[in-house]
Amino acid sequence: MAVRVLFLGPLADLAGSAEREIPAPLDWLGLLDAVGPEVAGQLRDERVHIACAGRVLADKTTLTAGDGDEVALLPPVSGG
Amino acid sequence: MAVRVLFLGPLADLAGSAEREIPAPLDWLGLLDAVGPEVAGQLRDERVHIACAGRVLADKTTLTAGDGDEVALLPPVSGG
Amino acid sequence: MARLRLESPLDVRLTDSGLSVGEALAAFNAAQGGAGAIVSMLGKVRPDGDVKALELTHYKPLTLPGIQALADTARNRFSLTGAVVWHRIGVMVPGEAIVLVATAALHRRDAFAAADYLMDHLKSAAWLWKRERRADGWHWIEPRSQDHADLARWK
Amino acid sequence: MARLRLESPLDVRLTDSGLSVGEALAAFNAAQGGAGAIVSMLGKVRPDGDVKALELTHYKPLTLPGIQALADTARNRFSLTGAVVWHRIGVMVPGEAIVLVATAALHRRDAFAAADYLMDHLKSAAWLWKRERRADGWHWIEPRSQDHADLARWK
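Protein chains in written order, with the working numbering: chain D, 1 to 80; chain V, 1 to 80; chain B, 1 to 155; chain X, 1 to 155.
Lysine to aspartate or glutamate pairs mimicking EDC-like chemistry, simulated, CA-CA at most 20 Å apart:
| id | chain 1 | residue 1 | chain 2 | residue 2 |
| --- | --- | --- | --- | --- |
| 1 | X | K130 | D | D13 |
| 2 | B | K60 | V | D69 |
| 3 | B | K130 | V | E19 |
| 4 | B | K52 | B | E132 |
| 5 | B | K60 | V | E19 |
| 6 | D | K60 | D | D27 |
| 7 | X | K60 | D | D69 |
| 8 | B | K60 | V | E70 |
| 9 | X | K130 | D | E19 |
| 10 | X | K155 | X | D72 |
| 11 | X | K60 | D | E21 |
| 12 | D | K60 | D | E19 |
| 13 | B | K130 | B | D50 |
| 14 | B | K130 | V | D13 |
| 15 | X | K60 | D | E70 |
| 16 | X | K60 | D | E19 |
| 17 | X | K130 | X | D16 |
| 18 | B | K60 | V | E21 |
| 19 | B | K130 | B | D48 |
Since the hints were made in silico from the structure, they are not lab data.
Same shape as in the complex, but just chain D:
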């Protein structure tokens, strides 16, 4: 099985799709490597968060996603 990675908002445009399957297990460095340099650059921005299995990580570099987990990449929300 794999990890399902979702690209929310403008990250979907950068990634070229709204989601991808990436082989498990997946950690922070593996994620940066898998998503390509442009999205990786965004992920390093402190305003971009990562949720794993429905919870936002307080420290995204601690990501540890296993088989069947959903990982959501969350850019800053839009203004009013």
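Starting from the known structure of chain D, arrange chains V, B and X on it as the hints suggest.
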């Protein structure tokens, strides 16, 4: 003819009725005299206003009501 | 919905029958196609222990024109595209609506501030006298110092 | 009216169809018999020159629970007797409603403040991404510094 005097809000209780006819012409002193001491005491309170012919008087002691005029005695409005 | 139509951008009414808040706001929303924000405030008679009924007395030649002038001032001050001010008069019971204010503007800060402003000024400056019926009879409601503090916020 | 019934004092919804503001507020009013004040704020897509459409994207596992938690915080902070927070998702056109917030409290200051608080936090803290379609295609809407200033009011 006469001047119609309206007692609004709690003044109606003090006056014993919501309105009275008083002979024209009617001025400030005539009004104080006509309404009796209790209402007259209220009228001297700066928070009590008088309207004549649909307009609130800036200085109520300048009241000059003629035949057919309506004079409204306006106690402070109630709080929220 | 929206069977009611509002003909004027400033809709000010005194009414001695119930306020249909849903209908009023649906109509106001429909009439305010260009607004970005619509804020409403509905005031109701609180079921306040002992209070059986509330009566509001108005003085026709002053009360409605006074509220219309207030709505006009609010429109200019907060750049409103429209406003609704409906006030009940007569006798009402706990749970019934007393006042409905709605404001429409391009931006929500203006709509919020205008509704707040209208409420503060209605409570303190509209020619309305209120009395409550309690177990021991009717009692006039006095002016409150809080209302003066409310007004001072806008000076 | 009020065919709609609200089962819970906190009614939070994400919906991809239109918001029926009149119906929602009539139902909320009917459900909030004990409130003294009900404030609502309706946000609509502004007919902003060039904008043809607005699209809101959410992330289901976070967006709805996040808004529910926000509504719960507002209820406690402002002693609300109830609240409605309905947010549109999907594609909408100018004039359509994006968000409806309604708050009920014993006193109007609490209801006003809570609606204001909910709007500020929704704009800045709800997991929603917006893009606009203009003549030359879709454009994502960036975070705004004004939103951070809005949030700082409540610190």
